[in-house]
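Chains as they are written, first to last, in the working numbering: chain A, 1 to 244; chain U, 1 to 170.
I should point out that these hints are in silico values taken from the structure, not numbers from a laboratory.
Cβ atoms here follow ideal geometry from the backbone N, Cα and C, with glycine treated the same way.
Any given hint could turn out to be false.
[Stated by the list, open to error] Pair by pair, the computed Cβ-Cβ distance ranges are:
(1) U/K39 / A/G104: 27 to 37 Å
(2) U/A97 / A/G135: 35 to 45 Å
(3) U/E164 / A/T20: 20 to 30 Å
(4) A/A30 / U/E133: 26 to 36 Å
(5) U/R153 / A/R34: 33 to 43 Å
(6) A/N128 / U/N67: 51 to 61 Å
(7) U/S156 / A/E136: 40 to 50 Å
(8) U/S149 / A/S105: 41 to 51 Å
(9) A/G16 / U/A97: 12 to 22 Å
Now for the letters of each chain:
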Amino acid sequence: MSLPDDRLEAELSALGPMLTWPEPGDLAPAVSERLRAGRRAWGSRRWALVAAAALVLLLAAGSLTALPGLRRAVADWLGLPGVRVERVESGRDLPSPAATPELGSRVSLAEAAAAVPYNFVRPKSVRNLEVYLDGEAVTLVSRAPSGDIELLITQFEGTLDRELVAKVLPPGSRLRGVVIGGRQGYWIAGDPHTVLYLDPFGEIRENTVRLAGNTLLWQRGGLTLRLEVGADLRRALLIARSLK
Amino acid sequence: MDAYEELVRLHQALAQRVAYVVLGSEAEAQDAAQEAFVKAYYALGSFRAGASFRAWLMAIVRNEALNRARSASRRTTLATRVAEDRSSGAAAPTPEAAILAAERGAELGAALGSLAPRDRAVIALRYFEELSEKEMAVALGCRPGTVKSRLSRALSKLRGALSEDEEVAP
Numbered sequence: 001m002s003l004p005d006d007r008l009e010a011e012l013s014a015l016g017p018m019l020t021w022p023e024p025g026d027l028a029p030a031v032s033e034r035l036r037a038g039r040r041a042w043g044s045r046r047w048a049l050v051a052a053a054a055l056v057l058l059l060a061a062g063s064l065t066a067l068p069g070l071r072r073a074v075a076d077w078l079g080l081p082g083v084r085v086e087r088v089e090s091g092r093d094l095p096s097p098a099a100t101p102e103l104g105s106r107v108s109l110a111e112a113a114a115a116v117p118y119n120f121v122r123p124k125s126v127r128n129l130e131v132y133l134d135g136e137a138v139t140l141v142s143r144a145p146s147g148d149i150e151l152l153i154t155q156f157e158g159t160l161d162r163e164l165v166a167k168v169l170p171p172g173s174r175l176r177g178v179v180i181g182g183r184q185g186y187w188i189a190g191d192p193h194t195v196l197y198l199d200p201f202g203e204i205r206e207n208t209v210r211l212a213g214n215t216l217l218w219q220r221g222g223l224t225l226r227l228e229v230g231a232d233l234r235r236a237l238l239i240a241r242s243l244k
Numbered sequence: 001m002d003a004y005e006e007l008v009r010l011h012q013a014l015a016q017r018v019a020y021v022v023l024g025s026e027a028e029a030q031d032a033a034q035e036a037f038v039k040a041y042y043a044l045g046s047f048r049a050g051a052s053f054r055a056w057l058m059a060i061v062r063n064e065a066l067n068r069a070r071s072a073s074r075r076t077t078l079a080t081r082v083a084e085d086r087s088s089g090a091a092a093p094t095p096e097a098a099i100l101a102a103e104r105g106a107e108l109g110a111a112l113g114s115l116a117p118r119d120r121a122v123i124a125l126r127y128f129e130e131l132s133e134k135e136m137a138v139a140l141g142c143r144p145g146t147v148k149s150r151l152s153r154a155l156s157k158l159r160g161a162l163s164e165d166e167e168v169a170p
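Start from the sequences and build out the full structure, keeping to the hints where you can.
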């Protein structure tokens, strides 16, 4: 007797849940241990770079080797949890900016406060803030009368266990170090850039936030903050320091 | 490193299941999945953002498991458990239907276990892990157009194994 394909396919789909699957082991500690062992064997400096840049290289494969000066800088950025900054040689591979950035679902301030396990900060002087929630990341948006976004602040607990964000910088952008509240931060000005992040299903997503392209990245307590604003560094720093 | 641990935890059950179908051994499946995650880490540069990470990872898991299975043509039995009591709904099967379904499951599990590891992997990825055809192409390392023929070859071997069993049966 021979079954038609679709019948057999249906039976196979039903079979999956019926099989006695072994209890999956937690492989993460062993995998980490082996990667650390590789690091010892390989030389810690180089390894730190790979660890820092690995997920960024998804987009910018090869650019690190082409830019030796950048290697040290990437290693130095290890101090900012959850954030990876990398420069690409060409903007060609970057997706065009999304008309509406994916910010999450629109919620009220109170709903956001109830949903996240940390106290998020906001600019007290800005009225009519839109609040978006994406997982445990809160984004505050202020719009110009035209509807264009003029200020965007994203914050999340910057533990690498939860979130991975990477910025891919096209050649037209500039980066400089700044100090905010005694902590190292970064100012990225110029062309729009792409954000890479890990979604709850373990897929790597990317989006490009459409703004003037000026971004301030810094840490405050256990939070990592990203402020995007169509203004210069001086004003961005003023806003950053005014967050309560 | 911590971000990668997170990725491992999100995909490790899937990786171990696929390796288990290929290898038929829990311990070997764990070893193969662990090795695959280490290899995937060093190969991250070849992953293109926007593609399916799961499918990309499955290609590495499948290769690792097949390499380990190559040493012998292993026949394994993919055991099924007796259908659990699904008494919650009105659609609960009659005891007779449940027994028939369990028997058919055992038969299928045995037939699947008799296939070559390569064919088992194709079936596991498509029907147990429900990869789309596009993801299948990535996981099998073939062109999207080839996925159908790979699947249909595996199905026809499975059908052959099922009818062999029938011939032996009284």
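Hints the structure fails to honour: none
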